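S.K.: Next come the chains, spelled out residue by residue.
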Amino acid sequence: MTTRIGVVTFPGTLDDQDALRAVRIAGAEPVSLWHRDKDLHQVDAVVLAGGFSYGDYLRAGAISRFSPVMETLIEQAKAGMPVLGICNGFQILTEAHLLPGAMLRNNHLHFICRDQTLRVENAETAWTSDYSAGQEISVPLKNMDGRYTADERTLDELEAEGRVAFRYLDGNPNGSLRDIAGITNAAGNIVGLMPHPEHAVEPLIGTGRTDGLGFFTSIIKKLVNA
Amino acid sequence: MSLDTVKHAAETPDAAQPWKELGLKEDEYARIREILGRRPTGAELAMYSVMWSEHCSYKSSKVHLKQFGEKVPQNDAMLVGIGENAGVVDVGQGYAVTFKVESHNHPSYIEPYQGAATGIGGIVRDILAMGARPVAVVDPLRFGAADHPDTKRVLPGVVAGIGGYGNCLGLPNIGGEVVFDACYQGNPLVNAGCIGVMKHEDIHLAQASGPGNKVILYGARTGGDGIGGVSVLASETFESTGPAKRPAVQVGDPFQEKLLIECTLEIFKEKLVAGIQDLGGAGLSCATSELASAGSGGMRVELDTVPLRDSSLSPEEILMSESQERMCAIVEPQHVDRFLEICEKWDVIATVIGEVTDGSQLEIFWHGEQIVDVPPRSVAHDGPVYHRPFARPSWQDALQADDAGKLARPANAAELREQVLKLVASPNQASKAWITDQYDRFVQGNTVLAMPEDAGMVRIDAESNLGVAMATDGNGRYAKLDPYTGAQLALAESYRNVAASGAKPLAISDCLNFGSPEDPDVMWQFAEATRGLADGCLELGTPVTGGNVSLYNQTGETAIHPTPVVAVLGVIDDVNRRTPVAFAQEGQLLYLLGDTAEEFGGSAWSEVVHQHLGGLPPKVDLAREKLLAEILISGSRDGMIDAAHDLSDGGLIQAVTESCLRGGNGARLVVPDGLDAFTFLFSESAGRAVVAVPRSEELRFTDMCGARGLPVARIGVVDGEEIEIQGEFSIPLSELRTAHEATIPALLA
Chain A
1 MTTRIGVVTF PGTLDDQDAL RAVRIAGAEP VSLWHRDKDL HQVDAVVLAG GFSYGDYLRA
61 GAISRFSPVM ETLIEQAKAG MPVLGICNGF QILTEAHLLP GAMLRNNHLH FICRDQTLRV
121 ENAETAWTSD YSAGQEISVP LKNMDGRYTA DERTLDELEA EGRVAFRYLD GNPNGSLRDI
181 AGITNAAGNI VGLMPHPEHA VEPLIGTGRT DGLGFFTSII KKLVNA
Chain B
1 MSLDTVKHAA ETPDAAQPWK ELGLKEDEYA RIREILGRRP TGAELAMYSV MWSEHCSYKS
61 SKVHLKQFGE KVPQNDAMLV GIGENAGVVD VGQGYAVTFK VESHNHPSYI EPYQGAATGI
121 GGIVRDILAM GARPVAVVDP LRFGAADHPD TKRVLPGVVA GIGGYGNCLG LPNIGGEVVF
181 DACYQGNPLV NAGCIGVMKH EDIHLAQASG PGNKVILYGA RTGGDGIGGV SVLASETFES
241 TGPAKRPAVQ VGDPFQEKLL IECTLEIFKE KLVAGIQDLG GAGLSCATSE LASAGSGGMR
301 VELDTVPLRD SSLSPEEILM SESQERMCAI VEPQHVDRFL EICEKWDVIA TVIGEVTDGS
361 QLEIFWHGEQ IVDVPPRSVA HDGPVYHRPF ARPSWQDALQ ADDAGKLARP ANAAELREQV
421 LKLVASPNQA SKAWITDQYD RFVQGNTVLA MPEDAGMVRI DAESNLGVAM ATDGNGRYAK
481 LDPYTGAQLA LAESYRNVAA SGAKPLAISD CLNFGSPEDP DVMWQFAEAT RGLADGCLEL
541 GTPVTGGNVS LYNQTGETAI HPTPVVAVLG VIDDVNRRTP VAFAQEGQLL YLLGDTAEEF
601 GGSAWSEVVH QHLGGLPPKV DLAREKLLAE ILISGSRDGM IDAAHDLSDG GLIQAVTESC
661 LRGGNGARLV VPDGLDAFTF LFSESAGRAV VAVPRSEELR FTDMCGARGL PVARIGVVDG
721 EEIEIQGEFS IPLSELRTAH EATIPALLA
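Protein sequence lines correspond, in order, to chains A and B.
Here the first sequence is numbered in the numbering used here, starting from 1 and rising by one per residue.
Here the second sequence is numbered in the numbering used here, starting from 1 and rising by one per residue.
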């Protein structure tokens, strides 16, 4: 049976088509999910894609978090369904309290778009098993509110439990505390990060590298072997 | 205030009307009275004033723009020409591409963020209204001196506005320009371009035909922003003592526009519209009159049904409002329910505001009383046409006689080296990454090339790898020296840039930025530039598909440099064959294509080293440009070229520096026989490019150039960690990188 991976479209989601394409390139069946529909249509995993859902009005991710689809998603994620939040998706996951912390405006106050080097810190999550711990990858980064923030205790806990999944290398692009680019929950099924692996799955497009494909092949392997 | 109905207007012929305040001239007002056979109502006056403004009616430029329709080159790619929201060209495999560049200069000076943001919003809706999915934006920008304090106000705001709006729309920003010149100090140029893709059968036109069809306004509610923006802002010179009309800049909501795009595309997919128009300058006045005028003529609109943000707006204000993110569709009655359903799905407000009638008048009602009764054509198309006087400026000869050839050249290798560093660090030649990194270039996942490449390129079909490329170029310094040649140089450079990326140039759009048409000097520049462009397009075989004219770009009596900006669209069958600018591999052989002459008039070198503008711009040879383009395209297609960079402002050393820094490799260069090092490095002769050829392809490539008669000179090799000009000097890449990349952040961050 083919692995079905859903990608949610909220009003203002921008990278949903890219995420669907990445799922397809990795070999799974992409499924579009609509924010008003509570039904997850039997998908095995969900990607919350990047963009400016609800225009980032109020706070990035703050409104989407209350969408009908999120009711089911939050429940399922807590029960173990793999969920990847990219950029705005990461922001939605923190707003939904599926991941700790929050994103503030970049410390330089500008939108930033660039190729970003990351170190994979945790290669044991549902979305990172095709990488090796310590591996360096380059994927595009593009955001306005990407500065990861949490209180010291939470940060210490994340570090101690190995839940910092990715760290920025070669310069922190936004002032994220402890250079954190992405984190995971304790179970490893929910991962959120600011950079965009779905833009790095074809050699010709974007950065010209395919370093992001591992996210999607990781989850497919995990689901197939489950 | 009582309602000024058609009946009331007929009964009170002598009532005083604010035509002058609305920007109309006395004879224009008299003509409106003549057309209507009575005085216009307040609402009619509002409509005519905005639609007959320079910005909407092209009244000063029309007589010159005609050439673009008359000197049409034979090109079967053209599907829709000038006159629609945007031109459409055939790019093969059943795909059509629409593209256009527009100006948002004046609003962007007053309110940089919103001015620039709504510039993007407007051009995107133009493209959308043709039936296309917008796939990329570009933005040619010009600001005052880089170190002027006001530039630090205007530029970051404009850049944040373009980013803030475009990023939130999900459109990759793949190209454009940033130019600094003191002439733009009080009048920056903020041009915005957009590319859209559709299948041939999906082309939509702005017309309202079929009596009984419904007129649906959808998108944002109408508010008080941008009222009179068209006539006041775009068509009059800024006066420091003038009345304060500054709130006239519109405010954008990109989130609403994103919903509007997706909603509209879904509506197109189900073939629910008979005609469509976006609401931009002149708002509902423009949309209703143009739709009706292009259709069978009759339309009835109940203006009080328009959803408002501010319930106190008068009917005149509603007609003139330039509130953003609105579209107007003509829909057959049986499709109305489905249309409204799709709008509801996307949380887009949609309202039936009227219908197409079998009459010939545009009739608008306000709570049952008629306030507009006009022949729509008289509003939309029969605006005034001016044959403005023009004459070659008295100073032109002296300017051209001030030859840049007599400027002091570097006396030795050390001075040459110093000037190279100064050039690549100068604001116009420096890296613009600080700016372009604020734009999302990756979204949609189809970006093959983006800044700082010669042209932006996106894939439009993931199966076949068909792609389109676009470059925008303009050089106000060249055009000031000779507007005819300057316009052709802009065309040639943009054409060359597209070819350098490996794509075949197909068609152009232009954005013509000039000073006041009431100044005969400016009008001469305009006449010369349009003539140059039309002649150039005819020779290159690239038709003008449409464009935009922005006049009154001046501060007091001082006009900007004449600045025709040309966007060339190209097509590439397989994006895998695209040519980047980066010298990515050591050992690649470097060839200079074309002829290099001592041409320094208007050059970056003359500006940076001598603060000089005089003489003649480089000569144009369009036949040579065509040949060069053919070689670049063949070389790319057949794998003979690894990298290419066009030579333009800054000359060879600028191009080589950019390609080396981009690839992280140095280069060893030899000055070719017959040239001195200075001319080799700094000349801005047109029709040239530098290419990196893999060693294995050397013979094949030079044979091809030889057989086709294109001058080719081997000038060096990609190698090491420095750029070395043999026998002259060398500069480590790290030193070049610092010089090239530090300037803009230091000035603006």
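These are computed hints drawn from the structure, not numbers from a lab.
Owing to the predicted nature of the structure, the values given are computational and were not obtained by experimental measurement.
In this text, a Cβ means the ideal position worked out from N, Cα and C, and glycines have one as well.
Hints should not be assumed to be uniformly reliable.
Cβ pair distances, simulated, as ranges [unchecked claim]:
1. B:Lys345 with A:Asn225: 55 to 63 Å
2. B:Lys199 with A:Tyr57: 29 to 37 Å
3. B:Asp76 with A:Glu29: 37 to 45 Å
4. B:Ala746 with A:Glu159: 34 to 42 Å
5. B:Val72 with A:Lys221: 52 to 60 Å
6. A:Arg36 with B:Asp76: 39 to 47 Å
7. A:Thr2 with B:Lys66: 53 to 61 Å
8. A:Thr154 with B:Lys199: 48 to 56 Å
9. B:Lys199 with A:Glu159: 18 to 26 Å
10. A:Asp170 with B:Ser634: 50 to 58 Å
11. A:Pro68 with B:Asp76: 45 to 53 Å
12. A:Lys221 with B:Ser634: 42 to 50 Å
13. B:Asp304 with A:Thr154: 51 to 59 Å
14. B:Asp310 with A:Arg114: 37 to 45 Å
S.K.: Is 18 to 26 Å right for how far apart the beta carbons of Lys199 (chain B) and Glu159 (chain A) are?
M.R.: 53 Å, violated
S.K.: 34 to 42 Å was suggested as the range; check whether the CB atoms of Ala746 (chain B) and Glu159 (chain A) agree with it.
M.R.: Because 36 Å falls inside the window, the suggested range holds.
S.K.: Please check whether Thr154 (chain A) and Lys199 (chain B) have a Cβ separation lying inside 48 to 56 Å.
M.R.: 51 Å Cβ-Cβ, so the 48 to 56 Å window holds.
S.K.: Given a hint of 45 to 53 Å, does the C-beta separation of Pro68 (chain A) and Asp76 (chain B) actually sit inside it?
M.R.: 51 Å, holds
S.K.: How does the Cβ-Cβ distance of Val72 (chain B) and Lys221 (chain A) compare with 52 to 60 Å: does it lie in that range?
M.R.: Given range 52 to 60 Å: holds, Cβ gap about 58 Å.
S.K.: Is it true that the C-beta distance of Asp76 (chain B) to Glu29 (chain A) lies inside 37 to 45 Å, as the hint says?
M.R.: 41 Å, holds
S.K.: Given the hint of 51 to 59 Å, is the C-beta distance from Asp304 (chain B) to Thr154 (chain A) inside that range or not?
M.R.: 55 Å, holds
S.K.: Do the beta carbons of Lys221 (chain A) and Ser634 (chain B) sit within 42 to 50 Å of each other?
M.R.: For Lys221 (chain A) and Ser634 (chain B) the Cβ distance comes to about 44 Å; the hint holds.
S.K.: Tell me if the beta carbons of Asp170 (chain A) and Ser634 (chain B) are separated by a distance inside 50 to 58 Å.
M.R.: Given about 39 Å between the Cβ atoms, the range is violated.
S.K.: May I ask you to test the hint 29 to 37 Å on the CB atoms belonging to Lys199 (chain B) and Tyr57 (chain A)?
M.R.: Taking Cβ atoms as reference, Lys199 (chain B) and Tyr57 (chain A) lie about 34 Å apart, which means the hint holds.
S.K.: State, for the Cβ atoms of Thr2 (chain A) and Lys66 (chain B), whether the hinted interval 53 to 61 Å holds or is violated.
M.R.: Cβ of Thr2 (chain A) to Cβ of Lys66 (chain B): about 59 Å, so the range 53 to 61 Å holds.
S.K.: Between the beta carbons of Lys345 (chain B) and Asn225 (chain A), is the distance compatible with 55 to 63 Å?
M.R.: 38 Å, violated
Violated hints for the displayed structure, listed by number in ascending order: 1, 9, 10.
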